[in-house]
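Q: Protein chains in written order, with the numbering used here: chain A, 1 to 268; chain B, 269 to 566; chain C, 567 to 911.
By construction, these hints were calculated from the structure, which means they are not laboratory data.
Careful, some of the hints might be misleading.
[As the list claims (entries may be wrong)] Okay, the calculated beta carbon distance ranges per label pair:
#1 T396(B) to E717(C): 14 to 24 Å
#2 D697(C) to M302(B): 54 to 64 Å
#3 H691(C) to S50(A): 55 to 65 Å
#4 R704(C) to H156(A): 46 to 56 Å
#5 P865(C) to E455(B): 35 to 45 Å
#6 R108(A) to K778(C): 40 to 50 Å
#7 N726(C) to M302(B): 50 to 60 Å
#8 K690(C) to T396(B): 28 to 38 Å
#9 T843(C) to Q297(B): 40 to 50 Å
#10 S882(C) to R259(A): 43 to 53 Å
#11 Q297(B) to D788(C): 42 to 52 Å
#12 M302(B) to D788(C): 24 to 34 Å
#13 Y734(C) to A85(A): 44 to 54 Å
Please read these numbers as outputs of a predicted model, since none were measured by experiment.
Each residue gets a CB set at the ideal place from its N, CA and C atoms; glycine is no exception.
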Amino acid sequence: MSDPILQIENVSKVYGARRALFGKTAEVQALQDVSLSVRKGESFGLVGESGSGKTTLTRSILHLETPTAGRILFEGRDLAQLSAAEMRRLRARVQIVFQDPYASLNPRMSVQDIVTEPMLIHRETLGLDRRQRIERAAELLSLVGLGPQHLSRFPHEFSGGQRQRICVARALASGPELLLLDEPTSALDVSVQAQVLNLLCELQDQLGLTYFFISHDLAVVRYLCDRVALIYRGELVEEGETDRIFDHPESEYARMLTRAMPEVRVPA
Amino acid sequence: MTEIAETPPIEMLSTGNDRWRRALFRFRQSKLSMLGAAMVAVVLFFTLFGTVLAPYPEHVAGGVATADRFLPPSAAHPFGTNELGQDVLSLVMAGTTVSVLAGFGVVLIGTVIGTLVGGIAGFVGSWTDEVLMRLTDLTLTIPGLILAMAIAAALGPGFTNMVIAISLSWWPGYARLVRGEVLAAREEVYVTAARAIGASPARILFRHILPNTVSPIIVKMSLDMGFAILTVAGLGFIGIGVRPPTPEWGTLLSLSRAYMPDYWWTAMAPGMAMFLAVFGFNLLGDGLRDILDPKARR
Amino acid sequence: MAPPLLSIRDLHLTMTSFEGEAHVLNGIDLTVRRGEIWGLVGESGCGKSLTGLSISRLVPAPPAAYKRGEIAFEGRDLLRLPMREVQALRGKRIGMIFQDPTTNLNPAYRIGEQLVDVALAAAKHDPSILDCEAGAGRRTRRRAAHRLAAEMLDRVGIPNAEERLDNYPHEFSGGMRQRVLIAMALIGRPDLLIADEPTTALDVSVQAQILKLLKGTVSDHDIGVILITHNLGVVAETCTHVAVMYAGNIVERGPVAEVINRPAHPYTRALMAAIPTRASQRGSLNGLGGAVPNLVTPPPGCRFAPRCARAIAACSAQQPPALPVAGEHHAACIRLAESEELEHV
Numbered sequence: 001m002s003d004p005i006l007q008i009e010n011v012s013k014v015y016g017a018r019r020a021l022f023g024k025t026a027e028v029q030a031l032q033d034v035s036l037s038v039r040k041g042e043s044f045g046l047v048g049e050s051g052s053g054k055t056t057l058t059r060s061i062l063h064l065e066t067p068t069a070g071r072i073l074f075e076g077r078d079l080a081q082l083s084a085a086e087m088r089r090l091r092a093r094v095q096i097v098f099q100d101p102y103a104s105l106n107p108r109m110s111v112q113d114i115v116t117e118p119m120l121i122h123r124e125t126l127g128l129d130r131r132q133r134i135e136r137a138a139e140l141l142s143l144v145g146l147g148p149q150h151l152s153r154f155p156h157e158f159s160g161g162q163r164q165r166i167c168v169a170r171a172l173a174s175g176p177e178l179l180l181l182d183e184p185t186s187a188l189d190v191s192v193q194a195q196v197l198n199l200l201c202e203l204q205d206q207l208g209l210t211y212f213f214i215s216h217d218l219a220v221v222r223y224l225c226d227r228v229a230l231i232y233r234g235e236l237v238e239e240g241e242t243d244r245i246f247d248h249p250e251s252e253y254a255r256m257l258t259r260a261m262p263e264v265r266v267p268a
Numbered sequence: 269m270t271e272i273a274e275t276p277p278i279e280m281l282s283t284g285n286d287r288w289r290r291a292l293f294r295f296r297q298s299k300l301s302m303l304g305a306a307m308v309a310v311v312l313f314f315t316l317f318g319t320v321l322a323p324y325p326e327h328v329a330g331g332v333a334t335a336d337r338f339l340p341p342s343a344a345h346p347f348g349t350n351e352l353g354q355d356v357l358s359l360v361m362a363g364t365t366v367s368v369l370a371g372f373g374v375v376l377i378g379t380v381i382g383t384l385v386g387g388i389a390g391f392v393g394s395w396t397d398e399v400l401m402r403l404t405d406l407t408l409t410i411p412g413l414i415l416a417m418a419i420a421a422a423l424g425p426g427f428t429n430m431v432i433a434i435s436l437s438w439w440p441g442y443a444r445l446v447r448g449e450v451l452a453a454r455e456e457v458y459v460t461a462a463r464a465i466g467a468s469p470a471r472i473l474f475r476h477i478l479p480n481t482v483s484p485i486i487v488k489m490s491l492d493m494g495f496a497i498l499t500v501a502g503l504g505f506i507g508i509g510v511r512p513p514t515p516e517w518g519t520l521l522s523l524s525r526a527y528m529p530d531y532w533w534t535a536m537a538p539g540m541a542m543f544l545a546v547f548g549f550n551l552l553g554d555g556l557r558d559i560l561d562p563k564a565r566r
Numbered sequence: 567m568a569p570p571l572l573s574i575r576d577l578h579l580t581m582t583s584f585e586g587e588a589h590v591l592n593g594i595d596l597t598v599r600r601g602e603i604w605g606l607v608g609e610s611g612c613g614k615s616l617t618g619l620s621i622s623r624l625v626p627a628p629p630a631a632y633k634r635g636e637i638a639f640e641g642r643d644l645l646r647l648p649m650r651e652v653q654a655l656r657g658k659r660i661g662m663i664f665q666d667p668t669t670n671l672n673p674a675y676r677i678g679e680q681l682v683d684v685a686l687a688a689a690k691h692d693p694s695i696l697d698c699e700a701g702a703g704r705r706t707r708r709r710a711a712h713r714l715a716a717e718m719l720d721r722v723g724i725p726n727a728e729e730r731l732d733n734y735p736h737e738f739s740g741g742m743r744q745r746v747l748i749a750m751a752l753i754g755r756p757d758l759l760i761a762d763e764p765t766t767a768l769d770v771s772v773q774a775q776i777l778k779l780l781k782g783t784v785s786d787h788d789i790g791v792i793l794i795t796h797n798l799g800v801v802a803e804t805c806t807h808v809a810v811m812y813a814g815n816i817v818e819r820g821p822v823a824e825v826i827n828r829p830a831h832p833y834t835r836a837l838m839a840a841i842p843t844r845a846s847q848r849g850s851l852n853g854l855g856g857a858v859p860n861l862v863t864p865p866p867g868c869r870f871a872p873r874c875a876r877a878i879a880a881c882s883a884q885q886p887p888a889l890p891v892a893g894e895h896h897a898a899c900i901r902l903a904e905s906e907e908l909e910h911v
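Pulled out of the complex, with its shape left as it was, chain A reads as follows (with noise of 0.2 Å):
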């Protein structure tokens, strides 16, 4: 069993009340004493609807948003604790790719400075020259089964798996060692969605990348996860590895969910 990579502990999160029009709006509690522990090279997979807190908890995992009370850490170290410059370089080792490929990429600038854009930020870290970067990111398209023709090209001439694919390159090319997969697939159609998982396990396998896999579907989360964690209005249900969880769903809530998801029984 390997190190924790990411320990989330006790973490809260209230979006305080607002002043409205008239009086002010309530409190709303986002997440309620989450407690996590995410181990190196495994992907782990949080399962909730929407209003459960799945998008808090990345946001705040990504430090771009503060918990009211309790602790991230990432190798043991607290994100709150960090210096400016030290948070600056986490952020090349801790990646993101999110649901929608048509909108997480600037429509305004081409596949080259999407992918070189992290090594462009992080030069002194990963000390890569212009052109060091452009053959970098050739080799990243290539990894995520696309070309280095495609460098020069805009994000509308791609159809949504292969802008996922660019996705997934960007996410690489600051060279992560904790990627956050925020539902990268359910956007897409279950042909290319395969393709996307299939392309998610060669590239753990191959770079030892340790994953973070948020989602709603059910299917792919057993698919894809080694261990599972039901998030339900901000509170942490249930935890545990994926095949306990599907075969002997503890919580009425995970019970809940595996017999509502809906199933193609193939014959054996």
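Assemble the complex: chain A is given as a structure, and chains B and C must be docked to it using the hints.
A: Positioned in the frame of chain A, the structure of chains B and C alone reads:
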């Protein structure tokens, strides 16, 4: 990993050119847009070559021919002559240069100031936003022409001063537009992605946000060109713009006012020119909006 | 024998765009009877939604043009009916549910008012909906419509239905709004319901509820449903029949158990092989290479041939006809006989 190497289908690999051809195709669908583009092309043609092509270049330079005063339209003078015997057509053709360049200058300076103010206000937010936008509102409360008159009076007459004067009353519209666009673009997923990578605020603003606000700005610039030309002419008309003998539409119109309605042709040509330019830029702007910024269409 | 509820015959639809004329529907044949729930599946861009929209004549023409074929609703061809009569059918006899619930509710009116209006309009066609005696006054009918609206909201699983009638659309969450739309589509007791990805944006628990409701409505009122979805799991659990679409063609159709247990067309097999199941080993999913072809210049013959692992030269010679597999189960593939012997993927 054979199934991974998804060969990109040919039609997905259309070149960047294709985007323009597609836009052009949609633009061509609208006859009014095409008419606007043609009118603007004519106006721009005279902006560049009006002075050179004028049939009576000596009149443009200020020469007078008192013997030919107030000749009605004829083959030699299609739009007649004015009180100094100058060919009205020549003056209007040459005047295009001044009017259109001044209008363009106003829109350009207004856009630059407005984009900076609106971009920073929208991006930084909080009190910076408050201060900048209240300043914008303050500028908006003063009628544009009055403000321009005051500034022009303070700076003195002349082409450059006139452009600066109008520009200083012109930017608030752009500031508001850009601020709104920046606020919307700030929430885009690709901006979050850039923040997650660790991009600096300047990079996010100039690389990710502002380039994606260009379309509505271009549309507004095109729609504004006509009004800017009108405002320039307005300052000329009340006599604090470009001074004669430099031909300018507003000044020409203002001079001919004294001789209405007997010598109506002296006002005819500059009025028509202004109408064509304003109408053309508006039609073009509408057409551009339909292809660049379809969500703004009503 | 009475004509079937809906019978689409050899429907050809083209769309004119910048690139030219795209053959987006290329000879669709589909018959829906009362009591049947037809699942329409396939990748995006295969013409599923266009088929649904064509039935209610909601495809803007131009750029669309119907080249051939008919859409017979109880024997009357909708393509040749005056628009006025089609509009009269829409919303009353033919109900529609779309994927995006936000754009289909008027934000300026209370949910209750919108539901009552639909109910009253539908009652002009079928007064029995309101369950009050003929010639009842306006007041009575309105009260009955209000009661019906509350009942419908309750049936789609909205708690405190009676009170929520007074809410505006923005006061509902996405899932709740979709339920309101479903209530609105069902309130007029349509004979045919077209549901275009009605649960795609919803959580699985809500999805399960809504699909159950849909099934209940079909058995209670004996209506026909076309359920457009990309989720084969939803089809397997909800539908009685399924039609698999690819690039403007129905490549395989039949009773759902038949098609899912014995998929005959290579495209159906490829789609099923791409779904992660309990048995799938990590990294073992079979994705389908390539993409849906450009329909301006579609590949000759079988449109799936370029992506098909089993394609031979003859596949590109002519469009394959729908061949019977077993009973009502048809598949449009000339290599059907051979592929029968293949094991399941």
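Q: State for each hint whether it applies.
A: A quick look at each hint next to the structure:
{"no.": "1", "hint": "T396(B) to E717(C): 14 to 24 Å", "in the structure": "54 Å, violated"}
{"no.": "2", "hint": "D697(C) to M302(B): 54 to 64 Å", "in the structure": "59 Å, holds"}
{"no.": "3", "hint": "H691(C) to S50(A): 55 to 65 Å", "in the structure": "37 Å, violated"}
{"no.": "4", "hint": "R704(C) to H156(A): 46 to 56 Å", "in the structure": "54 Å, holds"}
{"no.": "5", "hint": "P865(C) to E455(B): 35 to 45 Å", "in the structure": "41 Å, holds"}
{"no.": "6", "hint": "R108(A) to K778(C): 40 to 50 Å", "in the structure": "46 Å, holds"}
{"no.": "7", "hint": "N726(C) to M302(B): 50 to 60 Å", "in the structure": "57 Å, holds"}
{"no.": "8", "hint": "K690(C) to T396(B): 28 to 38 Å", "in the structure": "59 Å, violated"}
{"no.": "9", "hint": "T843(C) to Q297(B): 40 to 50 Å", "in the structure": "48 Å, holds"}
{"no.": "10", "hint": "S882(C) to R259(A): 43 to 53 Å", "in the structure": "46 Å, holds"}
{"no.": "11", "hint": "Q297(B) to D788(C): 42 to 52 Å", "in the structure": "47 Å, holds"}
{"no.": "12", "hint": "M302(B) to D788(C): 24 to 34 Å", "in the structure": "56 Å, violated"}
{"no.": "13", "hint": "Y734(C) to A85(A): 44 to 54 Å", "in the structure": "49 Å, holds"}
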